[in-house]
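Novice: For the record, the sequence lines run as chains A and B. With our numbering, the residue at position 122 of the first sequence is 122, and numbering never jumps. Going from the second sequence to our numbering is simple: count from 1 and add 122.
Each statement offered as a hint is correct.
Cross-link-like lysine-lysine pairs, in silico, DSS-like; alpha carbons within 27 Å at most:
1) B:313 x B:221
2) B:124 x A:107
3) B:151 x A:107
4) B:308 x A:93
5) B:242 x B:268
6) A:107 x B:283
7) A:93 x B:340
8) B:308 x A:89
9) B:333 x A:93
10) B:283 x B:124
11) B:283 x A:93
12) B:340 x A:89
13) A:89 x B:333
Chain B is faced by these chain A residues, among others (derived, beta-carbon under 10 Å):
14) 91
15) 92
16) 96
17) 98
18) 100
19) 101
20) 102
21) 103
22) 105
23) 106
24) 109
Think of the hints as simulated: they come from the structure by calculation, not from any bench. Please read these numbers as outputs of a predicted model, since none were measured by experiment. Yeah, the Cβ is synthetic: ideal placement off N, Cα and C, and Gly gets one too.
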Amino acid sequence: MNIYLLSILFCVAFIGFTVELIRRQKVAERYALLWLVLGLVMLIFSLFPRFLERVAAAVHIYYAPSLLFFIGFLFSLVFILHLTMVISKLHRKMTRLAQEVALLQEKLAEGGAKRGNTDRIG
Amino acid sequence: MKILVIIPAYNEEKSIQAVLQSVKQRHPKIDIAVINDGSSDQTSRKARETGLAHVIDLPVNLGIGGAVQTGYLFAHRNGYDVAIQIDADGQHDPAELDKVVQVIVNDEADCCVGSRFVQKTAYRSSISRRAGIQFFSWMIHMTVGKRITDPTSGFRAVNRKIIEVFANYYPDDYPEVEAVVLLERKGFRVKEISVEMLHRAAGKSSITPFKSLYYMIKVSLAVLMTRIRDVK
Numbered sequence: 001m002n003i004y005l006l007s008i009l010f011c012v013a014f015i016g017f018t019v020e021l022i023r024r025q026k027v028a029e030r031y032a033l034l035w036l037v038l039g040l041v042m043l044i045f046s047l048f049p050r051f052l053e054r055v056a057a058a059v060h061i062y063y064a065p066s067l068l069f070f071i072g073f074l075f076s077l078v079f080i081l082h083l084t085m086v087i088s089k090l091h092r093k094m095t096r097l098a099q100e101v102a103l104l105q106e107k108l109a110e111g112g113a114k115r116g117n118t119d120r121i122g
Numbered sequence: 123m124k125i126l127v128i129i130p131a132y133n134e135e136k137s138i139q140a141v142l143q144s145v146k147q148r149h150p151k152i153d154i155a156v157i158n159d160g161s162s163d164q165t166s167r168k169a170r171e172t173g174l175a176h177v178i179d180l181p182v183n184l185g186i187g188g189a190v191q192t193g194y195l196f197a198h199r200n201g202y203d204v205a206i207q208i209d210a211d212g213q214h215d216p217a218e219l220d221k222v223v224q225v226i227v228n229d230e231a232d233c234c235v236g237s238r239f240v241q242k243t244a245y246r247s248s249i250s251r252r253a254g255i256q257f258f259s260w261m262i263h264m265t266v267g268k269r270i271t272d273p274t275s276g277f278r279a280v281n282r283k284i285i286e287v288f289a290n291y292y293p294d295d296y297p298e299v300e301a302v303v304l305l306e307r308k309g310f311r312v313k314e315i316s317v318e319m320l321h322r323a324a325g326k327s328s329i330t331p332f333k334s335l336y337y338m339i340k341v342s343l344a345v346l347m348t349r350i351r352d353v354k
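Excised from the complex, chain A in its bound form (with noise of 0.2 Å):
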């Protein structure tokens, strides 16, 4: 058992994994195809050593598989950023549903009562 078949054993439960949370609706598409091509990138460098090991000398990595973990924490991070932009967006959205809600509940319970006279109010 070397890190190489560990990778590949790995790779392939996370892609099947990832493949099965959109199967059941767990992950929407858009958010999981980041996961599935790092994924799928990791697999074909633990799958073709050679090639791992040829781009590793190619950036000066004397250890191949310390590239392996590289990628891995790169795309992780790309993937968390992304996430924040989504929940930023999400957070603006949200803000605005709850501010709506409110002056709705406010308009209803006022029922007609004319605005701005102060006459009426309470």
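Assemble the complex: chain A is given as a structure, and chain B must be docked to it using the hints.
Specialist: Chain B only, in chain A's frame:
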């Protein structure tokens, strides 16, 4: 002139009634909107009890930015000409309301900020608070060249144009400083006048030392971003 006072409130049950009564007593013709930002206490009920204000209950806590923006949305949709923000803790004296409102009504400025520091007032705060405020003053001066002595003051009045601007976009975390920079960038007239402020009548401030540090870093970043962002 339709004027609205926006009072964002988070767990201010102890002071909200006094504040509402105080505002209405002096300005019976001005409308008030209390924005209950998901309070866990009786703020909303107590506000409603007075019958003096529109009380808007946010379904979740949004923070001061989201809460205040709700007030501006209300102002915009109901055709108010002037909107004034004041705190629910009694720090802002309703007697000083006239001063900031007049500036807007007279069209001397688009936004009028009530400052504790333009002239010497009786207000005293901690060293770290003063340092923070001075830091933000400096930041605003560096980015848009404007001297604002009390940039974190929530005591401010704006006109219709700005009501619409804020209804569409209002900064989120700790928005007061960024809002001023935004208005400057958009070319609005921002004026500061001296007002007396009291100390918190009741309740606790939600600012802790760690939050202060986050506040400073986050607001600095927001101010810089507003400076380089396309704000049209």
